[in-house]
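Peer 1: The primary structure of each chain is shown beneath.
Number of protein chains: 2
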Amino acid sequence: MHPFVYDIPVKVYFGENQLGHLGEELKKFGTKVLLTYGGGSIKRIGLYDRVINELAQAGLEVFELSDIAPNPRIDSVRRGAQMCKDHQIDVLLAVGGGSTLDATKFMAAGACVDHDPWDFFNEKWAPIREALPIVTILTLSATGSEMDCGGVISNLQTKDKIGRLAPQLLPKVSFLDPTLTYSVSRFQTACGAADMMSHILEVYFNMEQDLYMLDCFMEGLMKTIIKFTPIALESPDNYEARANLMWASSWAINGFINGGKQQAWSCHPIEHELSAIYDITHGLGLAIITPRWMEYCLNDTTVRKYVQFGTNVFGIDASLPDMEIAKESIRRLSDFFFNTLGLQRTFPEVGIQASDFPVMARKACRGAVLPGFQPLNQQDIEEIFRMCQE
Amino acid sequence: MHPFVYDIPVKVYFGENQLGHLGEELKKFGTKVLLTYGGGSIKRIGLYDRVINELAQAGLEVFELSDIAPNPRIDSVRRGAQMCKDHQIDVLLAVGGGSTLDATKFMAAGACVDHDPWDFFNEKWAPIREALPIVTILTLSATGSEMDCGGVISNLQTKDKIGRLAPQLLPKVSFLDPTLTYSVSRFQTACGAADMMSHILEVYFNMEQDLYMLDCFMEGLMKTIIKFTPIALESPDNYEARANLMWASSWAINGFINGGKQQAWSCHPIEHELSAIYDITHGLGLAIITPRWMEYCLNDTTVRKYVQFGTNVFGIDASLPDMEIAKESIRRLSDFFFNTLGLQRTFPEVGIQASDFPVMARKACRGAVLPGFQPLNQQDIEEIFRMCQE
Numbered sequence: 001m002h003p004f005v006y007d008i009p010v011k012v013y014f015g016e017n018q019l020g021h022l023g024e025e026l027k028k029f030g031t032k033v034l035l036t037y038g039g040g041s042i043k044r045i046g047l048y049d050r051v052i053n054e055l056a057q058a059g060l061e062v063f064e065l066s067d068i069a070p071n072p073r074i075d076s077v078r079r080g081a082q083m084c085k086d087h088q089i090d091v092l093l094a095v096g097g098g099s100t101l102d103a104t105k106f107m108a109a110g111a112c113v114d115h116d117p118w119d120f121f122n123e124k125w126a127p128i129r130e131a132l133p134i135v136t137i138l139t140l141s142a143t144g145s146e147m148d149c150g151g152v153i154s155n156l157q158t159k160d161k162i163g164r165l166a167p168q169l170l171p172k173v174s175f176l177d178p179t180l181t182y183s184v185s186r187f188q189t190a191c192g193a194a195d196m197m198s199h200i201l202e203v204y205f206n207m208e209q210d211l212y213m214l215d216c217f218m219e220g221l222m223k224t225i226i227k228f229t230p231i232a233l234e235s236p237d238n239y240e241a242r243a244n245l246m247w248a249s250s251w252a253i254n255g256f257i258n259g260g261k262q263q264a265w266s267c268h269p270i271e272h273e274l275s276a277i278y279d280i281t282h283g284l285g286l287a288i289i290t291p292r293w294m295e296y297c298l299n300d301t302t303v304r305k306y307v308q309f310g311t312n313v314f315g316i317d318a319s320l321p322d323m324e325i326a327k328e329s330i331r332r333l334s335d336f337f338f339n340t341l342g343l344q345r346t347f348p349e350v351g352i353q354a355s356d357f358p359v360m361a362r363k364a365c366r367g368a369v370l371p372g373f374q375p376l377n378q379q380d381i382e383e384i385f386r387m388c389q390e
Numbered sequence: 391m392h393p394f395v396y397d398i399p400v401k402v403y404f405g406e407n408q409l410g411h412l413g414e415e416l417k418k419f420g421t422k423v424l425l426t427y428g429g430g431s432i433k434r435i436g437l438y439d440r441v442i443n444e445l446a447q448a449g450l451e452v453f454e455l456s457d458i459a460p461n462p463r464i465d466s467v468r469r470g471a472q473m474c475k476d477h478q479i480d481v482l483l484a485v486g487g488g489s490t491l492d493a494t495k496f497m498a499a500g501a502c503v504d505h506d507p508w509d510f511f512n513e514k515w516a517p518i519r520e521a522l523p524i525v526t527i528l529t530l531s532a533t534g535s536e537m538d539c540g541g542v543i544s545n546l547q548t549k550d551k552i553g554r555l556a557p558q559l560l561p562k563v564s565f566l567d568p569t570l571t572y573s574v575s576r577f578q579t580a581c582g583a584a585d586m587m588s589h590i591l592e593v594y595f596n597m598e599q600d601l602y603m604l605d606c607f608m609e610g611l612m613k614t615i616i617k618f619t620p621i622a623l624e625s626p627d628n629y630e631a632r633a634n635l636m637w638a639s640s641w642a643i644n645g646f647i648n649g650g651k652q653q654a655w656s657c658h659p660i661e662h663e664l665s666a667i668y669d670i671t672h673g674l675g676l677a678i679i680t681p682r683w684m685e686y687c688l689n690d691t692t693v694r695k696y697v698q699f700g701t702n703v704f705g706i707d708a709s710l711p712d713m714e715i716a717k718e719s720i721r722r723l724s725d726f727f728f729n730t731l732g733l734q735r736t737f738p739e740v741g742i743q744a745s746d747f748p749v750m751a752r753k754a755c756r757g758a759v760l761p762g763f764q765p766l767n768q769q770d771i772e773e774i775f776r777m778c779q780e
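Sequence lines, in order, name chains L and B. Position 319 of the first sequence, counted from 1, bears residue number 319 in the numbering used here, the numbering being contiguous throughout. Position 19 of the second sequence, counted from 1, bears residue number 409 in the numbering used here, the numbering being contiguous throughout.
Simulated from the structure, these hints should not be mistaken for laboratory data. Note that CB positions come from ideal geometry on N, CA and C, so glycine has one too. Be aware that a few hints might be false.
To be verified - Here are some, though not all, of the chain B residues that point toward chain L, as calculated from beta-carbon distances under 8 Å: (1) F394; (2) P399; (3) V402; (4) G410; (5) G413; (6) C502; (7) L546; (8) C606; (9) K613; (10) T614; (11) P626; (12) N634; (13) A638; (14) Q652; (15) W655.
Unchecked claim - With a straight-line cut-off of 25 Å between C-alpha atoms, the simulated PhoX-like cross-links for lysine-lysine are: (16) K172(L) to K753(B); (17) K562(B) to K172(L); (18) K514(B) to K717(B); (19) K401(B) to K261(L); (20) K613(B) to K261(L); (21) K613(B) to K422(B); (22) K28(L) to K613(B).
Isolated chain L, as found in the complex (with noise of 0.2 Å):
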C-alpha cells in the first residue's frame, strides 16, 4: 500500500432544481463567461434558456462556443482558448457530456500559454501550470470529466487521440441534475455504462495490496451501474436510476477508489487507439475490449481478483473452484455489456479492419510495454483485437 494523496475540491450540486445558484458560484471568478456545449442538445431539452437565463439574471456577460464533437476536436480548444484571450474570459461554463467538458478543460489551459494547445499532447507534452477556473453542467454519466481533473483530445489530422491530467483541470463547481439525462439515447446510457464499468474495472483489477474499504466501494459502484443501467433503458425518467448512474460516473473516477495503489490503465489506452482511427463510441470501444482483456489476463497468479469480482460483484457461488468462478465472472460481464445493454460484440460489427490491429496495438504500448495488471506488449494487444473479432 503506498501513500497516497486525497484532494478533490470539487463542489458539487447534486439532484433537481439547482441551477438557481450557478450565477452566485460563477460570479465568485469575475464577470465574463465562456459558455461551451456541444451539438445543440442541450437546446433541444431546454437546458440552454434555462443556463442563458439564470446568467442574465447574475448580470455576466456571455460568450458562446457551440459544436464540440464527440471524441473532442484539437480544433475546438484551439478556438476556445482563442476566444478566452480575445476576450479576456474570466471562467469557462461547460455544458454537455464528457466531450465538452474535456474540451474545455484544454482550452482553460490554453487560455494561460501562448503556444499551440496541442502542445500539452505532442512530444513537447507542455507543463500545464494554470488553467482559468471551469464549472460543468453534466448532462452525461460516462466520464466523470465533472470530478476530475483529466480529459482526453483527438487530432484527426495526426490520427492521435491523448489523454493528460493536471490538478489545474479540476472543476471548481459541478452541477449534476439527474434529470438532465433522461433524454440520453439508449445507445449512449448503455456506452457511459460500459465506460464507468472499465473506469473501475482498470482500478479494481490490480494485485497490488488493496485497501479493501475501496474494493467494497468499487464493488459497490460496480453493483449499482449493473443494477440501475437497465432501469434506466427501460424508463429513461426514472430519477433513482439517473441519480445513481450520475454519482456513480463521478467517484469511478475522480480518485478516491485509486487509494493506495500504483495505477496503470489497460483497455483505456488500447481503447483510445481504436476511436482514434475509427471514431467509435468510447464506451462502446471499452465494452468490446474489455472482456476479452480479462480473458487474456486469466492466469493462476491473477485468478484470485477474478473470483473477489465475481462472487463480490455478481453473486457467484464461492464454493467453485477458481478458475470457474473466474471465467463465468467473464460471462456475466459479457452479458451485462452485449445482451443487457444490448451493445455490439465484435469488431467486424463496428467495422474495425484486422489490417489495422499492427499499427494500433504499436501505438498502444508505444512500441514497448504497456504497463497494467498484465504487462502487454504488441503481440499480446494484436491477439486481444483478435479475440475482438468473435
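Keeping the supplied structure of chain L fixed, place chain B upon it in accordance with the hints.
Peer 2: Only chain B this time, still in chain L's reference frame:
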C-alpha cells in the same frame, strides 16, 4: 431523494512518512502556529519531536497548548482562543484524536470573535462566520473530525455536551499516518470502532429512499470495521488493519454517505447525555446504546432496513423470515461490540444509575421529541436506558 451539496475540500496526506509536507502546507497560511495536543502520548511515540523538527525546519514560530482532555472542555477552547488572539496566530495545528481536533476547531472560531466561545453552544448559538485555518495530524481513528466540519464540546459546570457544525471548521489539510495509531490501546481502538459503526448506522438506518450506491458504500465501511478491528486488537502494528480503520473513520462521517437523505441522529444525542454526566468514553456509550436502540425501533415497517443490514453486512441467510434476520443482525452487532471488541455491555458495568435516566432522557429529546429513524420522546429514551441495564 433530496438535492444536496457535496463540498469536502480537505486535502489528505495518507500513509507513512508524509510529514515532510507539513511545513510547506502550514506556510501557505502564515508563520505563527498554535500547536495543540492532549496528555502527552504524542511525546511518548516520538511524534512531538518529529513535528517540532518539521516546524523548525520550515522556519515557523510555534506556540503550544497541551492537556486537552477527552470529552474536550470549553476551558481548553477558551484558553486556545485567547492564545490565538494574544499571539496573532495564523494557523492551528492539532495533533491527536478527535478531542484535540474538536477543541482546536472551536479555538480557531473563538479566535475570530469577541465573545466567550461557549456562546457557540449555549442558547445564544452565536454564528460561526469565520475561523483560523486548521491543519491536523491524526493519532486515533474514531471521530472523523479530521475530515468533517463539526465538533463536540463539554461544559462540566453546566453538565452539557453539545455538538456544532460549520463549514468554516473544516480542516484545510489532514495527515493520516496509520503507524501513528499503532500505540492506541485495545480499549480505545475498540471504542473508536464502535464510534465509527455508530456514525454509519445513524445514517444507514433511515426509511427514506436512498442512493443505493451510498448504501453499498456504508455496508463496505461497516464490513471493513468488522473485519479489521479484531486484527488491530490482535496485532496493533498491522498496517493494513490500521490503514483501513483510519480511512474508514474519515469517510464514515465526512458527509459523503449522507447523499440525498434528510438526517436526524439518534444514538449520538442520547449518548452525549451519558458522557456529559458520567464522562465515559463516547464510543463505549454508543456501543451500549446502539443495539438496544435498534431493538426498540424494530417493527413491521422498519424491518426491511434491518434485513438489508443483516444480509449485506453480516451475510445472514436472506431466505430466513425478515424478523428473524433483523433480530439476528442485532445479535451479531452486539456480539461484535461486547465479545469481539470486549466492550462493557451494560449501564451498571460502567456505573450509570437509573436515577439519572429521566434527566438524561429529557435533555436528549430537549423535552420534546428526538427525530430520527424512529422519533423518540422521553419515555422512549428511558425505555432504551432500561434495556441497557442488563
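Peer 1: Each of the hints needs a verdict: does it hold here or not?
Peer 2: To see whether the hints hold, each was checked on the structure:
no., hint, verdict
1, F394, "5 Å, holds"
2, P399, "3 Å, holds"
3, V402, "4 Å, holds"
4, G410, "11 Å, violated"
5, G413, "16 Å, violated"
6, C502, "21 Å, violated"
7, L546, "37 Å, violated"
8, C606, "3 Å, holds"
9, K613, "6 Å, holds"
10, T614, "4 Å, holds"
11, P626, "17 Å, violated"
12, N634, "5 Å, holds"
13, A638, "5 Å, holds"
14, Q652, "13 Å, violated"
15, W655, "22 Å, violated"
16, K172(L) to K753(B), "42 Å, violated"
17, K562(B) to K172(L), "16 Å, holds"
18, K514(B) to K717(B), "43 Å, violated"
19, K401(B) to K261(L), "18 Å, holds"
20, K613(B) to K261(L), "21 Å, holds"
21, K613(B) to K422(B), "42 Å, violated"
22, K28(L) to K613(B), "42 Å, violated"
This entry does not satisfy hints 4, 5, 6, 7, 11, 14, 15, 16, 18, 21 and 22, going by the numbered hints stated previously.
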